[in-house]
Amino acid sequence: MEAALRLARAAAVREEIPVGCVIVHEGETLAEACNETIQRHDPTAHAELLAIQRACGNGGAGRLREATMYVTLEPCAQCAGAIVLAKVARVIYGAHDARWGMAGSVYDILREPRLNHRPDVMGGFMEAECAELLKRFFVPRRET
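Numbering (the working numbering), first residue to last: 1 to 144.
No lab work stands behind these hints: they were computed from the structure.
No false leads were mixed into what you were given.
Here are the simulated DMTMM-like pairs of lysine to aspartate or glutamate, each with C-alpha atoms no more than 20 Å apart in a straight line: (1) Lys-87 - Glu-28; (2) Lys-135 - Glu-36; (3) Lys-87 - Glu-32; (4) Lys-87 - Asp-120; (5) Lys-135 - Glu-15; (6) Lys-87 - Glu-26; (7) Lys-87 - Asp-108; (8) Lys-87 - Glu-66; (9) Lys-87 - Glu-112; (10) Lys-135 - Asp-97; (11) Lys-135 - Glu-2.
Could you build the full structure based on these sequences and the hints that come with them?
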């Protein structure tokens, strides 16, 4: 999660929403990414989606079934769907997202019994650090 937080901090410097994601398999980092929605002019360029794409592009697609994704914010609907489709084994996220979270906060796509894949999910890992980074990013923007 430390690596994901580092990526999230880098995103904030570039005025991106500070979310970072790292996908690991057997101690090896398959891919990492942070949000790039502003930079790419693409609302789908979320950290999780970019990390999955990079992991698959690096030959890691077959290893995602045994991989762990560390992400600083609870995945949204788009990212939760991509996690299920990529069959990521485990998702460990930091801050809960009461507005968009799809790993239990708003809905629970990742544990939906009708889907053919359900990763192991653990939320709230290093939550204080992840939430504080998001708060520091959004508070000045909401005050204006």
